[in-house]
Amino acid sequence: MRALIIEDEERLAHSIGRMLEEHTSFAVDIATDGDGGLHMALGNPYDLIVLDLMLPHLDGLALLEKLRAAGKRTPVLVLTARDTTQDIIRGLDLGCDDYLTKPFKMAELCARAKALVRRAYDRPDPVLKVGGVEINTATRTVTCRGKTGRLPAMEYRLLEYLAMRAGEVVSKTDIIEHLYDFDSETFSNVVEVYVSSLRRRFGAETIQTIRGQGYILTGAHT
Amino acid sequence: MKPMSLRWRIRLLVTLVVAAIVTAVSATSYLRFRTAYLGHIDRMLEIMSKGILTELDEPQEPRELADEVRLITDSPWRGPETHFRLWAEGEDTDLIASVPAGGKKARFLWNLQHVEPPEGNEPVFFSLTDKKKHFRAIWVRHATARATMNILIAHPSSFEHRRLDELLVTLLVVGGGLILAGATLGAWLVLLGLRPLRAMASRLAGITDTNLGESHLADLAVPRELEPVINEMTRLLKRLDTALRQQRQFVADASHELRTPLTLAESTLQLARSKHREVAEYKQAIDETLQDLNRMEWLIHQLLTLARIDGLSGVPEPLDICMDAMLQELVIEHNAQASEHGGKVVAADLAPCTVHGNEEMLALLFRNLLDNAMKYGPAGGTVRVGLEHGPDAGCTATIQDEGGNIPPEAMPHLFDRFYRVESSRGRNTGGAGLGLAIARGIAMQHGGDLWVTSTPDTSTTFHVRLPCERRCDDPPTSGVA
Chain A
1 MRALIIEDEE RLAHSIGRML EEHTSFAVDI ATDGDGGLHM ALGNPYDLIV LDLMLPHLDG
61 LALLEKLRAA GKRTPVLVLT ARDTTQDIIR GLDLGCDDYL TKPFKMAELC ARAKALVRRA
121 YDRPDPVLKV GGVEINTATR TVTCRGKTGR LPAMEYRLLE YLAMRAGEVV SKTDIIEHLY
181 DFDSETFSNV VEVYVSSLRR RFGAETIQTI RGQGYILTGA HT
Chain B
1 MKPMSLRWRI RLLVTLVVAA IVTAVSATSY LRFRTAYLGH IDRMLEIMSK GILTELDEPQ
61 EPRELADEVR LITDSPWRGP ETHFRLWAEG EDTDLIASVP AGGKKARFLW NLQHVEPPEG
121 NEPVFFSLTD KKKHFRAIWV RHATARATMN ILIAHPSSFE HRRLDELLVT LLVVGGGLIL
181 AGATLGAWLV LLGLRPLRAM ASRLAGITDT NLGESHLADL AVPRELEPVI NEMTRLLKRL
241 DTALRQQRQF VADASHELRT PLTLAESTLQ LARSKHREVA EYKQAIDETL QDLNRMEWLI
301 HQLLTLARID GLSGVPEPLD ICMDAMLQEL VIEHNAQASE HGGKVVAADL APCTVHGNEE
361 MLALLFRNLL DNAMKYGPAG GTVRVGLEHG PDAGCTATIQ DEGGNIPPEA MPHLFDRFYR
421 VESSRGRNTG GAGLGLAIAR GIAMQHGGDL WVTSTPDTST TFHVRLPCER RCDDPPTSGV
481 A
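From first to last, the protein sequence lines are chains A and B.
Counting from 1, one number per residue, gives the positions in the first sequence under this note's numbering.
Counting from 1, one number per residue, gives the positions in the second sequence under this note's numbering.
Excised from the complex, chain B in its bound form:
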């Protein structure tokens, strides 16, 4: 189910709260007014009943008594509407009454089935209705020497009832108005409160992939409660922008790198085709073109490797790998290659370490570093490979060449994709500047790190730190005695 709109929720909430308050206030005030009005009559009735009781104590004729009682009840400011009835307990006929029994007027005086008779001397007050006329009545029992007398006095209370009705109507109208106003105000407050959100939405609507990096929300005036939203949104946009920019840069760099061999191949073939040539020349053109195709293939392979490493959420198929044994093997393999050009790759002090990782990926990491060292170190130079424990629960492998000609300004960019040190450009090293990026990507995936230090004109050292839980069981083939 779609959740109720915020506007309606708040409207409902405000309505309920206002209604509760209004009802409570109205009910209280109504009841107090009612008590006050009726209490006034009740006091008067009580006084009347006391007067009548005094009269009852004096022995006199019923007629005289009736006159006296009428005198008491018919106060000039109350008019002649007050009815009364006096009767002795257990007798069928009244002693006196304001109107004759069984007549048309004030029949309610004899209609007392619903009224609880008074207990002892305590009076009972109750309300009566007669032909839409309201009465307030008192019923008192009084024991005289002859018999127990019942006194019932009913006084009209229509005026008070009308006032109470008027009050009720006023309360209902005012209360209803308040509830309505509250609901409207609530809705308006919601709209007011949501205005910054709407402003934000319209700003967000204007954001495309091209203007992502500009500041869109900074100048937006928002209440403090919305500031975290704005801040997070701004940060999100910045992250998106950075990611998009990197992606674009990567695509631009990749296409640039692919274009170079493509241009070479195309120009070679166009030149060969532009006029009739010797077979040897055609053969050379074909060979050169094949070289370019190989370069493109290698580049695509590197790009795919990088993309694959980027896409990994963890190290695939991790195994316990003896780092020292792996390095030893790689050293032997690369030494064979290096010796063809008069160079050497040697292992020194390989401490036994076990690393939990992907064998293929780690081998690629060190192959890239070794290739790099052989390529950029001086011809015929020596590449030294080391492995030691620490820092902390890790091991650090070092690959050192005798180069040391990396300019200081190039150091921070060495691991950037497609970055090549200026002096290595144009030299036919065949590299696209992806090897080190791949190596670092692998190290990071394994929870490690890769960095470089350089001593000018002496050596360049790549350090690979990998988390290492324990020493390897296999004894190292060389190193510590």
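If we strip away everything but chain A, and leave its shape as in the complex, we get:
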């Protein structure tokens, strides 16, 4: 999952970013002004946008309007210091999916972020079951053959993303775009490396390779 944080207070943006990275499986990009934020939001397939309303250059609500006008369906979580009902209604009317009033609890932000992504992928259950693999997105634990445990961050990110899109073929480009932010260094075979390590854990048939198209998570049959 990949999130974009558009927030003019740089420190707050980085705090939110680190929180999302540490406590959820998001790869995070940060924009500190409206113009840059809109540019990034339009050019990348984000799974979530955290949007502050008071932004230099381009106001948060105007950004939201342009984003929706451009046909982007990315869930948007609005952060606002204005908590008048009018502002909230305006935000929701312009197409934001959820809002938090500053100051907010970081844990709540993480929970809402995860919920928004689940909704966007049409997975209301926080526990994703694909074949014999059970992924609990709330605790970030994976259960397979009766054993529950945690995975290394990148492996979990990949597994969760494939599970969200279970039943469809996911291209390598999609995987790279959704798992890495701008700052990460990616190698050409990075996806293959993580896929093979997941296969080692859960069995070779867990992830099938569709030649020339990508991967599909089927889950181990036990």
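What the hints contain is simulated information worked out from the structure, not anything from laboratory work.
Zero decoy hints are in this set.
The calculated BS3-like cross-link candidates involving lysine-lysine, where the alpha carbons are at most 25 Å apart (straight line), are:
no., chain 1, residue 1, chain 2, residue 2
1, A, K105, B, K275
2, B, K283, A, K105
3, B, K131, B, K105
4, B, K131, B, K104
5, A, K172, A, K72
6, B, K133, B, K104
Given chain A, work out where chain B should sit, using these hints.
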């Protein structure tokens, strides 16, 4: 004492006026009627007395005379009730009389103690009452060859009195009715006149702090006399609404500004607390939080300063201050700060001026402007400070930076509370948009003004005009040669 209600006042007034008119009209008409009625009888009595006088001049027996007199007084249309009495001056017995003296009838003919006797030939008219019967009488003196004769004729006037009594009753009833009607009408008129006020009161009762700004009284139909009240009330409501709105906006802005550092501090601490971290990371989180707390403290300090300036009714502890010396000092102080970042603050042409004001407040004004110029001018730029006489009896200080990047649409809002030029947002300037508002507040308190001019891409100049009575005695340390 509680003042009498308007209704009762007007009721009383109307009653008094109506009563006065009614009384005057009634009294006049009553008196005229009375004069007319009695005058009629008086004329008749006079004619009778003349007739009797003629008879007296002819020598005849008292008996014959009595018959003649009876003939004269007993006119058929007046009936037999007319009494008379003739007697010679100084004699005890009457010459003739309609009834015997000392009898039961018409005793009043001999009871004349209260009547003023006639002087000379002029007759005297008077009214008499006998057993509830009213008489009108004439008393004439007539000198004949033998003696001075007195003639007294009394004619019944009960009929006229009854008519007059009836008239009086009618007048009293009609007058009383008129007074009552007047009082009622007055009260009704007051109620009618007060109706718009009551309508206004019910409208005013519907006004709360939330709908203050709506037009409440505009469509109210009122008499012209009440229009000024309505107009003033409307203006008052508008003023209240503006004040309340500003207050609300201020509170909203203040809480918004306080929330930003609060959010930062909270998120930093929550992140640090969310899992086990290195000591260095905790230290950094603490440092950052302290920074946020400082920012909040500064903001609260600014808010309090603003509130204090707002609350002042005049300049506290005013002194004669040498403006040029003060600016020179501030320039030196700020130049030291600016030089750390490669910038400069210089004073040019400081004309000697004395301003009567509060030293601390004026220093704050110029500190804010200088901080502002250093903050928003280009890094390493020069800030120029000037002071000159005029316009009028004042002096104008200028603080010029090399910025000039204030967008034109931002110019009118520069001195609004919490206003920050868009491009300066997000930059960690630490300002909350209160410095210029405070500066202008101080300038206004001193009877001066603060405004800004800008040459795009070249410079931005803040002008402070302050009233200045005279030149400073101290020679300026730099400037005019």
